[in-house]
Amino acid sequence: MLKVLLVVAAIAVVVWVLVKLMLRRLDGGGSGGSRPRTLGPDDDPDFLRGLDPKPKPAPKPDDD
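In terms of my numbering, the sequence shown opens at residue 1107 and continues consecutively.
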């Protein structure tokens, strides 16, 4: 029974490796570093500029 499990596990590993290689080729190559970097909202200068607190207008003095 243990031999059967080892054979099934070995076949599963081989199939997994083959599928990963085929998917990598379909995606256009194995260079994963060539994808453009995702720009998050915390890296966007316009977003950060919008987070600055706006100056509040000064309260009008009461004339009693």
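Honestly, the hints are just simulated from the structure, not real lab data.
A few of these clues could be false.
Said to hold, decoys possible - Computed beta-carbon distance windows for the label pairs:
#	residue 1	residue 2	range
1	Pro-1161	Arg-1131	49 to 59 Å
2	Phe-1153	Leu-1127	37 to 47 Å
3	Leu-1154	Leu-1132	33 to 43 Å
4	Trp-1122	Leu-1154	37 to 47 Å
5	Lys-1126	Phe-1153	29 to 39 Å
6	Val-1125	Pro-1161	53 to 63 Å
Here a beta-carbon is modelled for each residue, glycine too, at the ideal position from N, C-alpha and C.
Unmet hints by their number, sorted upward, for this structure: Violated: none.
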